[in-house]
Amino acid sequence: MNLLHLLFGFFTANVLGYGGGPSSIPLMQDQIVNHYHWMTNAQFANALALANALPGPIATKIAAFVGYSVGGLGGVVVALLATIVPSALAMIALLRLFHRYRQSSVVRGMTILVQPVIAILMVVLTWQIGAESVGHIGYIQFFAIALVAVIAMQKFKIHPALVIVASCLYGGFVIR
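Per our numbering, the very first residue in the sequence shown carries number 12; after that it's consecutive.
Taking CB as the label site, the calculated pair distances span:
1) S115 - I148: 47 to 55 Å
2) I148 - R107: 42 to 50 Å
3) L180 - S116: 45 to 53 Å
4) L27 - A53: 18 to 26 Å
5) P68 - I186: 25 to 33 Å
6) R187 - L124: 43 to 51 Å
7) V176 - Q114: 43 to 51 Å
8) V159 - G85: 38 to 46 Å
9) L84 - Y47: 15 to 23 Å
10) R111 - F153: 44 to 52 Å
11) R187 - A104: 47 to 55 Å
12) K166 - V135: 21 to 29 Å
13) V118 - L65: 31 to 39 Å
14) V185 - R107: 50 to 58 Å
For the record, the hints were derived by calculation from the structure and aren't laboratory data.
Fair warning: this is a prediction, and the values are worked out from it, not measured in the lab.
We treat Cβ as the ideally placed atom computed from N, Cα and C, and that holds for glycine.
Between the sequences and the hints, there should be enough to build the whole structure, so can you do that?
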């Protein structure tokens, strides 16, 4: 039954995740944490941070991680197929449709107006993960770490993976 749940959970999150990884992550979080309870919000935040530090598409890394923890190697295969196949089939169909009607104001409006929805999904996910983090480390450390991360990435152009590794080291050796 776990493999069937993996199939449904990742298929649902990825078939509705218009816009790729960033838009499917809140949907994955809902399936993984809220619906199936395979992880806590804190565990999902850790998996998300590690997935961001590794190269490649984030949705497939999260699917592989959760699939393995829920169903072993079979879980990895099922979760990855449920993540990749809907996107590939939808991409082929939508590209053909959008190419045919690319000059249509309806198609342009659809692609532009879905962006605020994706932004709100990311804000909600950020809020949930941030609230959990504040609960563990407090407001001062949370905002100090967030400020250092923003400055490191925006001003000094440090790669996000290095910022994540630095924050892991800080959490492991300083906060504990």
